[in-house]
Amino acid sequence: MIMEANDMTRARNGDEESLARLLKDNYAFVMKYVWKMCGDEQLAYDVTQDTFIKAVQKIDQYRGTSKFSTWLIQIATHTYIDARRKQQRNEKLEQQEKERIQLQTTKQLPEEWYDVQEALWNLEEKYRIPVLLKHYYGFEYKEIAKMTKSRTGTVKSRVHYGMEKLRKELNEHG
Amino acid sequence: MDNRNTPPLEEKLQKASEQIDQHLDVEEPPLLYFETLVREEQQAWHQRLWKELMLLWAAALLMITGLALSFYFIPALFIIVQGAAAVVLLGYVWKEKREMVMVDK
Numbered sequence: 001m002i003m004e005a006n007d008m009t010r011a012r013n014g015d016e017e018s019l020a021r022l023l024k025d026n027y028a029f030v031m032k033y034v035w036k037m038c039g040d041e042q043l044a045y046d047v048t049q050d051t052f053i054k055a056v057q058k059i060d061q062y063r064g065t066s067k068f069s070t071w072l073i074q075i076a077t078h079t080y081i082d083a084r085r086k087q088q089r090n091e092k093l094e095q096q097e098k099e100r101i102q103l104q105t106t107k108q109l110p111e112e113w114y115d116v117q118e119a120l121w122n123l124e125e126k127y128r129i130p131v132l133l134k135h136y137y138g139f140e141y142k143e144i145a146k147m148t149k150s151r152t153g154t155v156k157s158r159v160h161y162g163m164e165k166l167r168k169e170l171n172e173h174g
Numbered sequence: 001m002d003n004r005n006t007p008p009l010e011e012k013l014q015k016a017s018e019q020i021d022q023h024l025d026v027e028e029p030p031l032l033y034f035e036t037l038v039r040e041e042q043q044a045w046h047q048r049l050w051k052e053l054m055l056l057w058a059a060a061l062l063m064i065t066g067l068a069l070s071f072y073f074i075p076a077l078f079i080i081v082q083g084a085a086a087v088v089l090l091g092y093v094w095k096e097k098r099e100m101v102m103v104d105k
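Chains as they are written, first to last, in the working numbering: chain A, 1 to 174; chain B, 1 to 105.
By construction, these hints were calculated from the structure, which means they are not laboratory data. C-beta: ideal position from N, C-alpha, C; glycine also. Careful: at least some of the hints might be erroneous.
In silico EDC-like pairs for lysine to aspartate or glutamate, Cα to Cα no more than 20 angstroms straight-line [claimed, not checked]: (1) A/K168 x A/E112; (2) A/K54 x A/D15; (3) A/K58 x B/E27; (4) A/K58 x B/E41; (5) A/K32 x B/E27; (6) A/K146 x B/E96; (7) B/K51 x B/E40; (8) A/K24 x B/E11; (9) A/K54 x B/E40; (10) A/K24 x B/D25; (11) B/K12 x A/D15.
Derived coverage of chain A by chain B (criterion: at least 3 residues anywhere in the stretch with Cβ under 8 angstroms from a Cβ of chain B; other residues may be distant) [unchecked claim]: (12) 9 to 20; (13) 32 to 38; (14) 50 to 60; (15) 65 to 76; (16) 113 to 127.
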């Protein structure tokens, strides 16, 4: 913890090695977050890579008011939303590919947890991201609003409706 | 269906997240990869910033020259440009304020 704080101070002062160490320490965390959000392994690697490039470019904008991992999650969320917008045109092909990859990667998970994750992926993105940030990671509504560039009230209602839909789906299949 | 022993959905989601974290196998690159990434991206970023700064200075120089010439030779054009700039600036401020994210205190 103290070492991370030292690395953080040095990284913000331009120390490349400290920044590289911080990025390495947070790589798996960010990658797993994006993967849980989209279920597409390749997209998760791409978004993580873009997130880290942006973090390097904007490190002087990190003020240390939140944890470094929270700051990375915020960048990853914006990067993922942008990437999805660009992908909209090839939606059909990608849906088939996504289903194939999700099946490959998640077949190793115990069935109970796979069902929960699958139900989450079946949610519309506008519900999925806030639900994931709130109940997988325990972020505050205010933080989620910042991460998703929405209003706090909108986030609250999306988490609420998302949870209702999840409950319904899991009860139907459970 | 007996729901008494079923954990609440929130708890179920947290457990699912922990389980997935444990089962996901992430290929983490070595430290050297991150060191190279940081070095290359910082270099590229600084080059880009310098390029943009140069372009900005060039554009500003052209505009100031144009405005100075118009002030002496076509004063009406100078006034129109000043008025248009004020309108654009006000429009920009208004648009930014409208798009600002509202966060509860």
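Hints breached by this structure: 3, 8, 11 and 15
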